[in-house]
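Undergrad: Take a look at the letters that make up each chain.
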Amino acid sequence: MALYSEKVMDHFRNPRNVGVIEDANGVGEVGNPVCGDIMKIYLKIDDDEAKTVSDVKFETFGCGSAIASSSMATELIKGRPLSEVLTLTNKAVTEALDGLPAHKLHCSVLAEEAIKLAVKDYYDRMGIPYDASEFPSEEDEQGGHCMA
Amino acid sequence: MIYADNAATTRMSRAAIDAMVTCMNENYGNPSSLYEYGQKAKELLEDARARVAACLGCQPAEVTFTSGGSEADNQAIITAAHLGARKGKKHIISTAFEHHAVLHTLDKLKKEEGFEVTLLDVHSSGLITPGQVEEAIRDDTCLVTVMYANNEIGTIQPIPEIGAVCRGRGVLFHTDAVQAAGHIHINMTEQNIDMLSLSAHKFHGPKGVGVLCAKKGIRLESLISGGAQERGKRAGTENLPGILGLAAALEEACGSIDTYTEKMTALRDRLIDGLDRIPYGELNGDREHRLPGNVNFCFEGIEGESLLLLLDDKGICASSGSACTSGSLDPSHVLLAIGRPHEVAHGSLRLSLGEDFTEEDVDYIIKSVEDVVTYLRGMSPFWRDLTVGKRPHVFAE
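Residue numbers (this note's numbering), protein chains in the order written: chain A, 2 to 149; chain X, 53 to 449.
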């Protein structure tokens, strides 16, 4: 049996939305090089009523499932209103990938957290108030312990 | 497919397969049986033992067949530890970058039986010196165990010199020669080795069979209770087909070491030179004192598992010391032992070449690794940080 599902391999081999948005208005980064994975999410959020994520890009340093999780997560939030983006869970990312090996589940957690941090960054930039307890803290994410 | 993972396991040789098939077809007797059919199996077993001994520079009676390298390592260490303990000697010296078959056995002796273990620091070249061993030996040292060649970075230790130090101080010396046997010249007598472990599948023999050689006078402690096979040192009906496959493979490998070394060294060096051109990458381990087929690099800004998956897509089988490939939190203990920082150790690649390699294969690997590293760096925020100076480079360009 292969290590990864066909979906994971597809998103790993042909990752969607790779790159940088130069004029992003929300950027989130999680992980650190010591642990062997870093995900960075760039959001372009429109100024419409729904705050639609009109564009999203990612950069990832990490294993196959980290790259696939980033790719899938960006696909799940692209074109979605912010209210929906905030309900994205790592479980949804994992399910959309037809599952991940148990020791790779943290990759989907990183994807969820990178997106949440990008939204938080957007709120900060726009001066929109939010409940900080609903977001991961950047300190935890970048200086924290490695997950497996 | 280009199989560049010969340090993990090798393709069985024709000679080894033939020896096994012939045995399975023609002699399924039990070497312990009295009748002639069984005694014929016994003859084959003892003939294999003599041939193995001839390859390793020891006596046939000093050869014990095991289930592989791990069992041999366990048995050698436990034997020496218990022989030492009887004389009140409970200190063992080893190195930080041994195989886990050695490290975990030592851990167990430490935790469960109160042994003290000194793990020698490994130089950034991937080598230790006889002087380090000399300095670490105490009055209560009962064993020094140092691997002949490292399984990840291929560095060859100064085994005869370390053996001489041990002999001079009256301490037993064991070497895990799993990566070395059949690849470089070994002679236990000339190289001052008291105990040596090897595994057949690393030199084109079958899996599940290995050898522990122990010089006369070292009474091996049996790990498996049962019958009196292997002169009481290893119970259980002998794996005769495996043992005959091992002997055939070892004889063949040892008989062609010089031509093998010449061919493999040239291919290895071509591969090292090619990969060395990739910026911000570095060879792991000394270039000279290294197994003829081993190449191991670290590349900044990328992670090893994704590198392996993309090389697999290009038909190249390789391995990595990244944490992700092992499912653990930490990258390879070997790369950490030679001082590679975590972030660099995650981006490692081991290529272990085989006899069937050509220069074209090597060039294809170089091109493929170059392409994949460049591609992965292109999507790596870590690499971006390195290129804009937000994080410091570890390697020179």
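Among the hints, a few may not be true.
Simulated pairs of lysine to aspartate or glutamate, DMTMM-like, Cα-Cα distance not exceeding 25 Å [claimed, not checked]:
1. Lys8/A with Asp365/X
2. Lys117/A with Asp437/X
3. Lys45/A with Asp125/A
4. Lys366/X with Glu7/A
5. Lys45/A with Glu135/A
6. Lys419/X with Asp48/A
7. Lys366/X with Asp338/X
8. Lys52/A with Asp132/A
9. Lys315/X with Glu304/X
10. Lys8/A with Asp364/X
11. Lys8/A with Glu50/A
12. Lys315/X with Asp159/X
13. Lys121/A with Glu7/A
14. Lys8/A with Asp423/X
15. Lys366/X with Asp49/A
16. Lys121/A with Asp11/A
17. Lys45/A with Asp437/X
18. Lys268/X with Glu213/X
19. Lys442/X with Asp48/A
20. Lys8/A with Asp24/A
21. Lys94/X with Glu303/X
22. Lys121/A with Asp423/X
23. Lys442/X with Asp24/A
24. Lys442/X with Asp132/A
These are calculated hints, taken from the structure and not from any lab test.
Undergrad: Indicate, hint by hint, whether the structure satisfies it.
TA: Verification of the hints:
| no. | hint | in the structure |
| --- | --- | --- |
| 1 | Lys8/A with Asp365/X | holds (15 Å) |
| 2 | Lys117/A with Asp437/X | holds (22 Å) |
| 3 | Lys45/A with Asp125/A | holds (14 Å) |
| 4 | Lys366/X with Glu7/A | holds (17 Å) |
| 5 | Lys45/A with Glu135/A | holds (21 Å) |
| 6 | Lys419/X with Asp48/A | violated (46 Å) |
| 7 | Lys366/X with Asp338/X | violated (29 Å) |
| 8 | Lys52/A with Asp132/A | holds (18 Å) |
| 9 | Lys315/X with Glu304/X | holds (16 Å) |
| 10 | Lys8/A with Asp364/X | holds (17 Å) |
| 11 | Lys8/A with Glu50/A | violated (34 Å) |
| 12 | Lys315/X with Asp159/X | violated (39 Å) |
| 13 | Lys121/A with Glu7/A | violated (33 Å) |
| 14 | Lys8/A with Asp423/X | holds (24 Å) |
| 15 | Lys366/X with Asp49/A | violated (46 Å) |
| 16 | Lys121/A with Asp11/A | violated (30 Å) |
| 17 | Lys45/A with Asp437/X | holds (22 Å) |
| 18 | Lys268/X with Glu213/X | holds (21 Å) |
| 19 | Lys442/X with Asp48/A | violated (32 Å) |
| 20 | Lys8/A with Asp24/A | violated (31 Å) |
| 21 | Lys94/X with Glu303/X | holds (19 Å) |
| 22 | Lys121/A with Asp423/X | violated (36 Å) |
| 23 | Lys442/X with Asp24/A | holds (20 Å) |
| 24 | Lys442/X with Asp132/A | violated (31 Å) |
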